[in-house]
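**Student:** So the chains spell out like this:
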Amino acid sequence: MERKIRIILAKPGLDGHLRGINVLSHALRDAGMEVIYLGVDLDPREIGRAAVDEGVDVIGLSIHAGGPVTLVGRVQEALRDLGAEDIPIVVGGIISKKERQTLKEMGVRGIFGPGSDISGIVKAIRDSAALPAGTS
Amino acid sequence: MYDRRVLEAIEAGERRWHERRVAPALEKTGERQAEFGTTSVRGIKRVYTPADAPGLDFFRDIGFPGEYPFTRGVQPTGYRGRLWTHRLVSGAMGGRESNAIIKNLIAHGENGLNPVFDPPTLNMRDSDDDMSRGQVGVNGTAIDTLADMDLLFEDIDLDRYSISIITPHPFLFPMYVALAENRGLSLDRLQGTIQNDCINNSHSCNWIDMAPLPLRMRVHGDAVEFATRFMPLWNPLSIVGYHIREGGATAVQEIGFTLADGIAYLEEFIRRGLDVDDFAPRLSFFFGCETDLFEEVAKFRAARRVWARVMRERFGAKNERSWLLRYHVQTAGNSLQARQPMNNIIRTTIQALAAVLGGCNSLHTNAYDEAFTAPTPEAAMIALRTQQIIAHESGVANTLDPLGGSFYVEALTGELERGCLDLIEEVDRRGGAVKAWEYIQQAYLASAYETQKQIQTGAKIIVGLNAFTIEEAEETEIETYEIDPDFEARQVAFLQEIKGRRDPGRVEAALSRVAQAAEKGENTMRAMAEAYKVMATLGEVRRAWEQGVGR
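So the sequence lines, in the order shown, correspond to chains A and B.
If you use our numbering, the first sequence closes out at 138, no skipped numbers anywhere.
If you use our numbering, the second sequence closes out at 604, no skipped numbers anywhere.
These are calculated hints, taken from the structure and not from any lab test.
Listed next, with one range per pair, are the computed distances between beta-carbon atoms:
hint: 1; chain 1: B; residue 1: Arg282; chain 2: A; residue 2: Gly57; range: 48 to 58 Å
hint: 2; chain 1: A; residue 1: Lys6; chain 2: B; residue 2: Ala542; range: 36 to 46 Å
hint: 3; chain 1: A; residue 1: Lys6; chain 2: B; residue 2: Gly484; range: 29 to 39 Å
hint: 4; chain 1: A; residue 1: Gly122; chain 2: B; residue 2: Arg559; range: 50 to 60 Å
hint: 5; chain 1: A; residue 1: Gly109; chain 2: B; residue 2: Glu535; range: 15 to 25 Å
Source: prediction; values computed, not measured.
Every residue, glycine too, gets a C-beta built ideally from N, C-alpha and C.
Based on the sequences and whatever the hints tell you, model everything.
**Tutor:** Below, the structure written as structure tokens:
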């Protein structure tokens, strides 16, 4: 049997919008993934540390209260400090077009706004898990 | 309302109609769906008659506007006397930038101010806090000190408008008090609202790290007590249903859990020694409004009726004003789509119409571009104009409760009322909303997942998303709002400058008075206001309170 994909879901920064991350954690579990739901209002460094400790394949960040470029950058920085910059990141939430472009340039594997199809998110996570960051 | 014999005749008539007319039609063409429903009610009937609300009593259940149980509205003249307050959430970057946004809206007919704050301010953190990085001035105004608050309301007469201070915590409220006092205004003339709902923010945002909920209730109660004594026109608590709804709740869950939260506050304040009739007249509510028009209208009517009965029967309130469910509505942010975003104008229009037909006291209409970011001024203007067109062109504001008496709306109002009472009872059984917040959260998040599955399977159609789609490339490009990337550094520099100008001894003394008041269980609002006057920051005042209560 194929190994289950392990993904951490977290909200970095000061952001308590729970709905998306909760719906997604249910949906990803239904899609056969192992979801580590870290919660809201998290310091980006905590997310990096947890991702390493849990040995996840992918990090999913949910951002609805602005600052995605800074917050994703800080998670990446935390991962670099821990020598784990190869863990791929996908992002969902309220992201402007300009931010979307910057996040792509930063190596984010998938960016999902409101109304995103769950199967598309599942596919992006599976693809990311198969291809660690920095190897594309 | 109807004689038993009349109801029997109607029922017989419906059976006959079904046999002669409906059955052949069903055989011939069928119906679009096997079952029709709202978010809360399954099995909506094909047509409604008086027989669908057989126990309905006109005087007991419907009555007249401005009279118990207020199903038809809290004012006897409704919108004929005064239209609902047009109150748009507004703010971005700093006090100065947000002041310009607010003044522009006032110039175009807004009459209630609704400044919104950035995530650090909402979380009682300063702009130079490590956790604030990247979010300073985003989606709202950054407020660190009284200097920012002063800029936000520059050249705006605080005693002329109803002003909402929309923070889930009560720590910004004494800063507003300090501002008013510095301007020489008498507190008893100020009109407005602070949100101040910590129960809601526990279940809607897991906002529980600062202090356990029972301890937090104390400082929230300080604000209510302070306003009750000194600010008779102020609403010191706006009990929030909006986040419950946006979190995925059905319409009935929204009102059931919100009113259960309201009951928890009443119990807390009464325990504190306040008389229910002293503070209850100033409690207000904040609801969402989605696109199923009749369900939303029924929801508001049911909520008014339930609340009036809860206040009179359960809490024994004697003052008629204590019985009134007064509320602000915001149209549904979660309904806004990123695909074909101009269609969001139509969604918001239907929702705003439902809110008005339901009798809202105040309304915020979302802008069509909010699936991307905070609105552009142009998009916000369309949102304001939507309200004005409903108010002045549609004619719906000319008579009160125009859908009252609709067989469907009355039946639905009754269904939602019963569902709401069941949920209140369930929360009671679990020891009240302060204890049961996790149950509440899980209940509406489960509804969110159900809704998502319905969208995935196509059972719930969202135009432009899972039906009637077009290629992304063919969509109309819209401009979206972009925050100035240098703002955060500017705001941090401004904060440093203010800190540099302060008298450290006075700041320290003022903060220790906040801590002392908190430690002794005294009302902390006055001490906080004085600390802000010597330019203590929001984050410093919060930390002083935490120290005082031993966190």
